[in-house]
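Residue numbering for the sequence shown follows this note's numbering, starting at 1 and increasing by one per position.
Watch out, some of these pointers could steer you wrong.
[Said to hold, decoys possible] Quick list of in silico lysine-lysine cross-link-like pairs, DSBU-like style, CA-CA up to 35 Å:
| id | residue 1 | residue 2 |
| --- | --- | --- |
| 1 | K198 | K496 |
| 2 | K478 | K492 |
| 3 | K229 | K492 |
| 4 | K496 | K478 |
| 5 | K229 | K198 |
| 6 | K229 | K496 |
| 7 | K478 | K198 |
| 8 | K198 | K492 |
[Said to hold, decoys possible] Estimated spans, in silico, between C-beta atoms of each pair:
| id | residue 1 | residue 2 | range |
| --- | --- | --- | --- |
| 9 | S56 | D493 | 19 to 25 Å |
| 10 | L505 | D442 | 26 to 32 Å |
| 11 | T338 | G475 | 38 to 44 Å |
| 12 | A153 | Q495 | 47 to 53 Å |
| 13 | T388 | D493 | 30 to 36 Å |
| 14 | P266 | T338 | 30 to 36 Å |
| 15 | P524 | R498 | 55 to 61 Å |
Hints in this document: simulated from the structure, not taken from any laboratory. In this text, a Cβ means the ideal position worked out from N, Cα and C, and glycines have one as well.
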Amino acid sequence: MWQLFRHDVDLAGILNCLADPICQGQAEATATGQLLSGGGIMQCSEDRLPTVSANSGCSAGMLHYMITCSLQMWLQQRYRQSALYFDHGLGYLALARGCLEGSNWPLWPDQVLTNWRNFLSAAFPPGAIVAEERIADFNATYIAAGPAVDRYARWWNTGPRAGLYCPPHGGLRMEGLPGLDPIEKTPGSESSKKEAGKVSVSCAVPLVWPAELAAAEAIADTFGGGCDKLTFFIAAPDAQARQSAEETLALLLPGASVVDLAVTWPDMVRDRAAALDKGDGLSSREGVSGANQKDLLMFAFLASQDDGEDWVCRVETDSYFAVPNFQRFVRGRGLSATEPWFLGSLSYWHLHFEPRLVFNEQVQCLSRSAVFRLGAIVLAAPVASVSTYHRCEIAPGHRGDIMLALCLTAAGVVPYGDIADRWGREYFLNFRMEDLPLYSPDLAYGSSTPDIRAFESNTAQHWRGKAHVFMPCLGQNKFWASPFRISFHDYKDPQKLRWVHEVMLGRRRCETCPAGYEPRLAGPADGA
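All chains should be built: construct the whole structure from the sequences, respecting the hints.
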């Protein structure tokens, strides 16, 4: 490994040569070439991984070994295994990071994380997503996706040794939202600044009517009033149900509206309570749920209306959406609605290593440009009786996050990846506020990290693949969520949405949240 990662070795050049039949033999003749091609004493399994453990010996050495295997698997075009080896290497990095900096080891933490970012770009370039159905246990199936791969990308560059840096806390400038930097006051500047920075948001809520009336009432009572426009989308089974929805939901909040998508698309699955019943697992809802259809047709309808809002955010009925915090984030990042943006909670490992998916349908926000692109793709998409998850299609099913991702990639729109502040604290949360202590990077890369393909728990997997986000501040942060959280998810009891809203307004405390974590809705003092 010393031979492989010596700083005077042009490792990128040797990798290029090994992939080129013209000079492959010459590269394989070198000691470095033999290690990379799987020759000599360095052999890597094609299907098994070791368990990362603090008791396994030299974690620093195992880190170098895992990266060597990742390079080997890449050259052998075993890309999924290459991803697994590299991520396992990050587990050893979490254990060894303290002893690597200032040591004689060839790789220090920041080199590894820099090359991890390069790997993500090479293994998952913009383009088609390949989805597969997998069985987690006897009762549960899920849709997985694997590397798409730019085969000609050479992502490794040993580079100079560098350590980790966690910036000091404090101030808007340090958060990493440059658009919120103070502006020098001049007469009339405050009003002009407010107008120039205004971000309008349309909240689109897919609703099973009338089964989710209580959720609609909770949304109207909490964050719904912060939306510039609030629309409930249903697929009414008949005209009477449609009229009932329009009369009831329109009274919940001034300006709220109802759209029955079944009027325009009469062949879609109609609303029924059975669509909300998980039964024996995800597969039990595939035939009775119109969630996939509703999610796509909702955006097609909005694209045809063009109501002028900058952003459209699809909000699941069990999610809380902090509209002022979203507006603050968009302004701070300088994201223009005229560009095709897609924002939400990213999960790299829930879907077996696919970092281009906004996971689990909680809050998904599209810029106006992205809505137009998606609408055109949806209107041209084939209609099917069963969702295959191999293409963008209009079909029954209950994995709208996968189907939306398939259609957006077909439209050339991929998720915005920078959804954490400079300390690695995320803005979009795919779980409940009170469960924050369960979702810590220490649980993903702790003293023992098994093969991630075991699919053991949501908490362990949330941070997998995100070492470049959290590792610089690992051991220093007391919590891993921004105080200006944009979303929380998985509130099956609508009354809990009211509790979250009270916490965000500062009227109640989150007793189970980490000490010092006080989420809130952004105001003028926060740059909103």
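Checked hints:
For the hint pairing K198 with K496, the CA-to-CA distance comes to about 30 Å; that is within 35 Å, so the pair holds. For the proposed pair K478 and K492, the alpha carbon gap of about 28 Å is at most 35 Å, so the pair holds. The straight-line distance between the Cα atoms of K229 and K492 is roughly 24 Å, inside the 35 Å bound, and the hint therefore holds. Taking the CA atoms of K496 and K478, the gap is about 25 Å. The hint holds against a cut of 35 Å.
Annotation: proposed proximity of K229 to K198 holds, straight-line Cα distance about 14 Å (limit 35 Å). For the given pair, K229 sits about 23 Å from K496 by alpha-carbon distance, which is consistent with the 35 Å threshold. The hinted pair formed by K478 and K198 meets the criterion: a straight-line CA distance of about 33 Å does not exceed 35 Å. This hinted pair checks out: K198 and K492 have alpha carbons roughly 32 Å apart, not beyond 35 Å.
Remark: the range hint 19 to 25 Å for S56 to D493 is contradicted by a beta-carbon distance near 43 Å. Separated by about 31 Å at the C-beta atoms, L505 and D442 satisfy the suggested range of 26 to 32 Å. Range check, T338 to G475: Cβ separation about 41 Å, and the 38 to 44 Å hint holds. Range check, A153 to Q495: Cβ separation about 50 Å, and the 47 to 53 Å hint holds.
Hint check: T388 to D493, Cβ distance near 34 Å, so the stated range 30 to 36 Å holds. Between P266 and T338 the beta carbon distance is about 34 Å. The supplied range of 30 to 36 Å therefore holds. Checking the proposed 55 to 61 Å range against P524 and R498 shows it is violated: the Cβ atoms sit about 25 Å from each other.
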